[in-house]
Amino acid sequence: MRTLGAGRLLGTGARRMADAVLFEFLHTEMVAELWAQDPDPGPGGQKVSLSVLEGMGFRVGQALGERLPRETLAFREELDVLKFLCKDVWAAVFQKQMDSLRTNHQGTYVLQDNSFPLLIRMASGLQYLEEAPKFLAFTCGLLRGTLSTLGIKSLVTASVAALPACKFQVVIQRS
Amino acid sequence: MGWILVASAAVILFLQNYPLYIRSVPTENELKFHYMVHTSLDVVDEKISAMGKALVDQRELYLGLLYPTEDYKVYGYVTNSKVKFVMVVDSSNTALRDNEIRSMFRKLHNSYTDVMCNPFYNPGDRIQSRAFDGMVTSMMIQVC
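The listed protein sequences correspond, in order, to chains L and E. The numbering of the first sequence is our numbering, which starts it at 1 and goes up by one. The numbering of the second sequence is our numbering, which starts it at 1 and goes up by one.
Hints are computed from structural coordinates only; laboratory data are not their basis. We put the CB at the ideal spot given by N, CA and C, even for glycine. It cannot be assumed that every hint is accurate.
Label pairs and their in silico Cβ distance ranges [said to hold, decoys possible]:
no.	chain 1	residue 1	chain 2	residue 2	range
1	E	I48	L	L126	44 to 52 angstroms
2	E	C117	L	V110	25 to 33 angstroms
3	E	T137	L	K47	41 to 49 angstroms
4	L	Q112	E	Y67	43 to 51 angstroms
5	E	D98	L	V52	41 to 49 angstroms
6	E	G52	L	V110	26 to 34 angstroms
Derived DSS-like pairs (lysine-lysine); straight-line CA-CA distance at most 30 angstroms [to be verified]:
no.	chain 1	residue 1	chain 2	residue 2
7	E	K82	L	K167
8	E	K47	L	K153
9	L	K153	L	K83
10	E	K47	E	K82
11	E	K82	L	K153
12	E	K53	L	K87
13	E	K47	L	K83
14	E	K107	E	K47
15	L	K87	E	K47
16	E	K82	L	K87
17	L	K153	E	K107
18	E	K82	L	K83
19	E	K107	L	K87
20	L	K83	E	K53
Construct the entire structure; sequences and hints are all you get.
Next comes the structure, spelled out in structure tokens:
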């Protein structure tokens, strides 16, 4: 009886934790694999690896943008889509919501995560600051891909001042 | 903004007003359906912009009967990713109820989502998935 109870208790919580951890491990391996080919690729090589990661994130984001939205037409305006990214997408991928969303109301949005799950295991503060961009490229692509499926063309970049907090900047591309 | 048209007709799926998928039964009527479907795309756009202005909280993906002609009824559906589904059904098929059409669109939507998640599919390409074909076939068998 006790084991059953414990199992049920651990059940959904453990499963959710397992999902998150699986993605974290996979992501870490992806970054490691891309840099393992040439540990010091120089600025040109680095750019290629970063864009490979961003491209992977983009395709995943495209699929996510199709899969996640609810059964109703949820987006009346651009801001609704950004809120969707901050709440639903972030919760689905990182089990938390974005900590803040700011905009200049002219097509630029800054999404801030004060404890980004892909950075949190690494360090706190300024150690590994140089390495941080490698761990943000995939997520930038993810945001751009989801936006793309929902009809918004954008440019997404990330910046870190001190781990594990980071900011994602979304600039809407109007043709 | 792709379009999918299904009817007894045809099923066509549209993205940005070009077709991602066209299937009709019997197949020789495809050309006739193309014309009908292009007209229906205008109606879909009208409905979407009308909904945009409405202050209704819940805006449905299912657009309902777009317009009836004397031979056919045309139904529409739109996704959050602006993919439009159009279904053309023979008017003589009076047994088909609204909720059945809704569930067919939902099945189409779910299958389209699966296609999007297929790593071998490039978003924007014509859909060539056999699984998708199979689902549409079984749906059309039901309708015809």
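Hints, one by one, checked against the model:
no. : hint                                : result
1   : E:I48 / L:L126: 44 to 52 angstroms  : holds, 49 angstroms
2   : E:C117 / L:V110: 25 to 33 angstroms : holds, 30 angstroms
3   : E:T137 / L:K47: 41 to 49 angstroms  : holds, 47 angstroms
4   : L:Q112 / E:Y67: 43 to 51 angstroms  : holds, 48 angstroms
5   : E:D98 / L:V52: 41 to 49 angstroms   : holds, 48 angstroms
6   : E:G52 / L:V110: 26 to 34 angstroms  : holds, 27 angstroms
7   : E:K82 / L:K167                      : holds, 29 angstroms
8   : E:K47 / L:K153                      : holds, 24 angstroms
9   : L:K153 / L:K83                      : holds, 16 angstroms
10  : E:K47 / E:K82                       : holds, 13 angstroms
11  : E:K82 / L:K153                      : holds, 14 angstroms
12  : E:K53 / L:K87                       : holds, 25 angstroms
13  : E:K47 / L:K83                       : holds, 25 angstroms
14  : E:K107 / E:K47                      : holds, 22 angstroms
15  : L:K87 / E:K47                       : holds, 28 angstroms
16  : E:K82 / L:K87                       : holds, 21 angstroms
17  : L:K153 / E:K107                     : holds, 28 angstroms
18  : E:K82 / L:K83                       : holds, 18 angstroms
19  : E:K107 / L:K87                      : holds, 27 angstroms
20  : L:K83 / E:K53                       : holds, 20 angstroms
Checked against the numbered hints given earlier, this structure breaks none of them.
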